[in-house]
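**Q** Sequence:
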Amino acid sequence: MRRFSPAPNANRDSRFLSSAGQCARGVRHAGPSLWPRSVSPMSELSEFEEMYLKRLFEAHVDKPSAIVKTTQLAEMMNVSAASTTEMIQRLAGRDLVTHVPYKGCRLTPEGFQQAATIKRREGLIEILLTEVIGFEGDVLEAACKIEHAIDEELELALDRMLGYPERTPSGERIPVIERHLEPMRSGLLLPLSALPVGSTATIELMVMRPTDVRTMEMIGIGVGTKVSSTDEGICSDGSLIELSKTISLRILARTDEVI
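Numbering of the sequence shown is given in our numbering, commencing with residue 123 and proceeding in unit increments.
I should point out that these hints are in silico values taken from the structure, not numbers from a laboratory. Cβ atoms here follow ideal geometry from the backbone N, Cα and C, with glycine treated the same way. Misleading hints may appear alongside valid ones.
To be verified - Capping the alpha-carbon separation at 27 Å, the derived lysine-lysine pairs in DSS-like fashion look like this:
| # | residue 1 | residue 2 |
| --- | --- | --- |
| 1 | Lys191 | Lys225 |
| 2 | Lys367 | Lys348 |
| 3 | Lys225 | Lys185 |
What the hints assert, rightly or not - Label pairs and their calculated CB-CB ranges:
| # | residue 1 | residue 2 | range |
| --- | --- | --- | --- |
| 4 | Val345 | Arg301 | 25 to 33 Å |
| 5 | Gly309 | Asp184 | 38 to 46 Å |
| 6 | Gly346 | Ser168 | 24 to 32 Å |
| 7 | Gly342 | Ser205 | 33 to 41 Å |
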C-alpha cells in the first residue's frame, strides 16, 4: 500500500463565524465587485438582504417556527434595531419573512429555502478554498463575499465536484433543503475522493505544490495516470493508494466509464 499525506497547515482558519461581523461590513463598504452577479432568481436580492436571510437561518435552523427578536437580529447584523425593522418589513413585502410587530420575525417557507441555498453555497466555497485550493487567508470572509456571485448552475457543478459534502471544514452541517443531486456520468472532472465505487478515471489536474506533485509522481500518481475507485479506496495499476482527504480533493480525474 502506498501512502501520502501533506504537511499539516498550521495557519488554516477553521473557526465558524457566528455573527455578521466583517462580512456584513464588507458588503456595505466594498467597491465594485470583481465577480459576475448571479443570474438565478436570488440575484434580485441585494447582498445585505442575503446576509439577513442567512443570519435568520442560523438563528432558528432547529426551530423554523420560532420568532427571532428584532434586537437579537440587530446584534447579529451589527446594525441598529431601526435598520433591522426596516429590513424585516422589506423582506416581509417579498414574502421571505413573517413580521410579528413589536416582537420580531421568522422565515417563511420560501425564505427558509432561499436562506438554506445561501448557506449551502457559502459552505461549498469554504470547502473549495480550504481543501482544494489550499487558500490560507480568511476563508470565511472570502466565502461570504464569493457566495453572492454563485448561481444555480455553478452551485450544482461545485456540489458535484466536491462529492456532495455533508459538512464544512469547521464542522457546520451543509443544508440539504432544495439540494439537487445529479446522477453521475462519464466525462465528469471529479476529485478522487468523489469518484463513485466501481468507476475508473484519468487524472487531469493536481492542485498542489510542485514538491508534492513530484512526491506523488514517485509513487506512480501523476497527470495521465489511470485510477479506479474500489470499496477499499483508490487503486492504480492494481495497488491501493492511501491518500489523505485533503490530497484526494486536490487530485482531479475525468471519469472514463458511464456510471
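**Q** Name the hints, by number, that the structure is in violation of.
**A** 6 and 7
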